[in-house]
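Number of protein chains: 4
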Amino acid sequence: MSYTYGNNLKLQIFGQSHSEAVGATVEGLPAGFEIDFDALGAFLARRAPGQALSTPRREKDAPVFVSGVTDGATNGAPLTVLIYNENTRSKDYSELKIKPRPGHADYPAHVKFGGHNDIAGGGQFSARLTAPLCAAGGIVLQILKKKGIEVCAHILSVGDARDASFDPVSDQTELFDGLRSRSPCVIDPAAGDQMKSLIEAVRAEGDSVGGVVECKITGLPAGIGGAGFGGLDGAIGAAMFGIPAVKGVEFGAGFGAAALRGSAFKPTPSIGREQRTVNLETGRNDTLTVQGRHDPCVALRAVPVAEAAAAIAVYDMMLENGTEAI
Amino acid sequence: MSYTYGNNLKLQIFGQSHSEAVGATVEGLPAGFEIDFDALGAFLARRAPGQALSTPRREKDAPVFVSGVTDGATNGAPLTVLIYNENTRSKDYSELKIKPRPGHADYPAHVKFGGHNDIAGGGQFSARLTAPLCAAGGIVLQILKKKGIEVCAHILSVGDARDASFDPVSDQTELFDGLRSRSPCVIDPAAGDQMKSLIEAVRAEGDSVGGVVECKITGLPAGIGGAGFGGLDGAIGAAMFGIPAVKGVEFGAGFGAAALRGSAFKPTPSIGREQRTVNLETGRNDTLTVQGRHDPCVALRAVPVAEAAAAIAVYDMMLENGTEAI
Amino acid sequence: MSYTYGNNLKLQIFGQSHSEAVGATVEGLPAGFEIDFDALGAFLARRAPGQALSTPRREKDAPVFVSGVTDGATNGAPLTVLIYNENTRSKDYSELKIKPRPGHADYPAHVKFGGHNDIAGGGQFSARLTAPLCAAGGIVLQILKKKGIEVCAHILSVGDARDASFDPVSDQTELFDGLRSRSPCVIDPAAGDQMKSLIEAVRAEGDSVGGVVECKITGLPAGIGGAGFGGLDGAIGAAMFGIPAVKGVEFGAGFGAAALRGSAFKPTPSIGREQRTVNLETGRNDTLTVQGRHDPCVALRAVPVAEAAAAIAVYDMMLENGTEAI
Amino acid sequence: MSYTYGNNLKLQIFGQSHSEAVGATVEGLPAGFEIDFDALGAFLARRAPGQALSTPRREKDAPVFVSGVTDGATNGAPLTVLIYNENTRSKDYSELKIKPRPGHADYPAHVKFGGHNDIAGGGQFSARLTAPLCAAGGIVLQILKKKGIEVCAHILSVGDARDASFDPVSDQTELFDGLRSRSPCVIDPAAGDQMKSLIEAVRAEGDSVGGVVECKITGLPAGIGGAGFGGLDGAIGAAMFGIPAVKGVEFGAGFGAAALRGSAFKPTPSIGREQRTVNLETGRNDTLTVQGRHDPCVALRAVPVAEAAAAIAVYDMMLENGTEAI
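Residue numbers (our numbering), protein chains in the order written: chain A, 1 to 326; chain B, 1 to 326; chain C, 1 to 326; chain D, 1 to 326.
Same shape as in the complex, but just chain A (with noise of 0.2 Å):
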């Protein structure tokens, strides 16, 4: 199934770019947890479009919570939060319906739905979904923090232009709270210009550019996760996957298993420049030039992104079998 992760915090992810809205239900979730609302909204914000150097598309994003909480703590039921979907200019993708983006989503769910899938936005596939990807795992970090489980992540890297590394070993707690507030989020400023600069250069010539972010985990207990599937390292890669656009999940030589990195974000694959591409309805080789409004680095936004689902991931780990971690 798709958009469904977890086996003790189970999520279920819901929605496509231009539905009524997109949402999420979380099940697991301890009862009696008082959600912060102001950090989860910042959070959230972090990964809002409409900041520069991303789409200019506008989502308030205000998480709307159907189930789940009662008096602003959790209520052992499961979590239901919807982000409703509004700006939206459907009228912009009818042409991908005959001719597929390359490097997208769109001729393999034109085939597997027979054409009836949602086109306008990218759909299910649209990385919109990561808004309540982001809503349940914002929600996570807080209750890994009261545990004293922090996870930090940052933009390790775009295109050429490379941010410092975090250090396997030492603390960098104070690090983490300065790195959340910056955009880009580096830890060097001097990375932090050249990205910006890459990604104006790309973003004129109507062309995007991948990038790597790196997520460190700190005060993780030893003995989380199992052998073979059951590992961490596993569990992390399959939430990292469900990211739209990763391609490659790595985990750092450090010290034990105290840090990793690095999820690999590919360049968006819709872009303003013309695209080669096969017409569904002819069957001819075809152009494409997308319009809309798109990230010229997608990896500029995944950071809390990343972060979040690290979380769900250890968590759910966590949980199974009732670990004296919890």
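In case anyone wonders, no lab produced these hints; they're calculated from the structure. Some hints could be false.
Because identical chains cannot be distinguished in the list, a pair is counted as satisfied if it fits within a single copy or across any two copies.
Derived lysine-lysine pairs resembling DSS-like cross-links, with alpha carbons at most 30 Å apart [unchecked claim]: (1) Lys247 to Lys97; (2) Lys97 to Lys146; (3) Lys247 to Lys145.
Got chain A sorted already, so can you dock chains B, C and D onto it with the hints?
This is chains B, C and D only, laid out in the frame that chain A set:
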């Protein structure tokens, strides 16, 4: 996990009796299926309260599709449907926080969730959660019908008032159509009158009575379901036990697996008479008189719910391994 | 899938009646638990055939541990146990390939697997598969007992011969110990004598008879299991319906969830009398007289099987989300 | 859970390095598939140790089929295959109980299982568990080949010795056949010679070296896999991370999804050189020299393992929802 069902058709139900909404997310529906919304509404109306003999709570229960539907047809994305909770009276339930109702989930939920559970209207344990079950199952019933598979249930007994049974062998499709518009839903009108009298008497005493629902599935190809824990009876049993108040599931000794009957529904535990309980604050014996609006016989409204649960179980099994039966 | 059960305690059963072995793999057992192999052997002996009133097939059923055990204790790795199939007489079953037994899985299995299914002894649908279920469940019963949880079953009825019922409220632990050594396993010896007479009469006619097993669980903490499809009754129901011949599961109206009863076992479909069937080669009506060794009443040996299934379901639920109950 | 993979093709691996056997149970294989046992043996031989450049432990690795096979063909029942553990030398490992090897699972397993884990040969964390993975995957590779789908891997690099890459677009089926008989398995023989020299040098120092395996899948129909966590890359990633020593998974930027590469295997942590560790008895720093027989480069034998994991992931996805691709 609590409200998740199925391996191929994945169903996730969420909401509480008095939360903003109840809802369901379904993955695995075929893409391009045109939903008959009028038929779906009629099906949901059979479950809705506000009928004679049931609780006076009025629920319009109009399903709102958040995702998964484009131009009236499924689009292959997870389908999420909401049913907003209106006309709720949460003040009725405050006493139950310290005086759990006998025979209800109040006390185990208090222990499981450390007192953080939503008590209003039974919270996530409310029979209100069968509304989204019917919304999802109502669509699946339409899909099955297109494949020549009919699922039909009726009230076999209420207390000692007993309807005629389905014939396990002969075709009863014409009977099915008539049954769906009867209230109470019985084969023999005289049995229905007996049931009405019994329920009125029970209601007058502030009490409630249990009942048995019989369900028949026709047109099912051979070879659906597997051995051991993968059998069709186990799958249907698990779906049926997900309906609040079901205390037993039996499969008929008919010819082959053509007929199954029935699900035994216990009397509603929320009754108007004084009941004995334990006061969680004082730790002493206490008495409880439940206010609010309750069904004197939950089995009456359970007929479409049983059909919905059976349809979901059958279709999940049909999708398994892509048998030709699909 | 067919022989997989559980989300936290994961059980996988494999084998056919006449394959080299039947077996089970269990994940999720606590590490360091010292298995009482004598007690496990005694438990398996209660299920084994070769007793008075059951099939004369002799099975030593000695469990061979392939993995998961070090120096007599669980080691945290998946535990795999084999029970070799000996004393099989495959030649008895050749006729069934073209003349499926009524009331058995022969015909649906033929359709589902395109005729490639193993017909000997019922293949994977054989009650022989309850041997590894009991091997796994027997270990779980020992784990539960250490936590003060007892699971005990007896034969409530065979045909119209009926034993006394468990008391849903009072402590009956002393009765439990005695029950486990009785054959047939009944509370009231007079009822046992009635059952014996009935079964002998049925056997003499080449026929078989069904029965009901009642199971009681004591010492269970409140708060085990959840809402909807995650309830304890649904979990136990799914485990029980995984036992061949179970056609119904009911939960008693006792005080709270202290008592559950019972599982309805149908008469063995492999009987010595001539039965009517359809010949799959000719497509015409035909008759069948099943040779081989069969139980005149499968319920007799089903008592430990029901205990094993209940124990597995309960423990799987206890592991969920790491409740304090563990 | 640790050694369970797949939703439609369900794989359960069990065993420890020095238990009686390692094995696998597979549910979901098509019934009636005639296994080519010679081809399966040849495939397993590519993984087996005892070759030049790998550990001198001799394993015959002959698969013994316990269930699921009748007359050489699958019969629809769960298929269980055992590979007996012979030629084990458990005495080599006693020191590791108190001196965990750096970079290995010794310490987290000690914590997770309270010291009850089987330490001999790495227990359930041993690369020995890839033998049953290959037995199961080897059968799936044969099923895929019949459908025109080929899965082929080679060693892309060992340390800084680098082979030629697969061509992401052109047909290389002829190359595949040749590759499978080469040792080391490389496209460019000169790269193979470099790798051999490097590994010999590393072995002489009692050290080990990592490597990268590149895997190509051809003939895959469009539309396999879904959105979000249900994508084919995530499924393959999860299978790959189930292989011990895999620290990274990347998917190639080829045209469409035609090519994927590769899995990064870390150097074997069991090396002959003295390593620094912590003594779990004294709590002080200590040194460790691992005896026993170990691979200087685990990537060499990982080629068929990567093919097996990819095949299992692809086939599980193909079975999902019964797409026409089956």
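Against the structure, the hints:
Taking the shortest Cα distances, Lys247 and Lys97 sit within 30 Å of each other inside one copy (25 Å), while across copies they are farther apart (39 Å). For the identical chains of this complex, Lys97 and Lys146 are inter-copy neighbours only, at 28 Å across copies versus 47 Å inside a copy, given an alpha-carbon limit of 30 Å. Within a single copy, Lys247 and Lys145 get their C-alpha atoms as close as 28 Å, and across copies as close as 26 Å, so both meet the 30 Å cut-off.
Hint violations for this structure: none, all hints satisfied.
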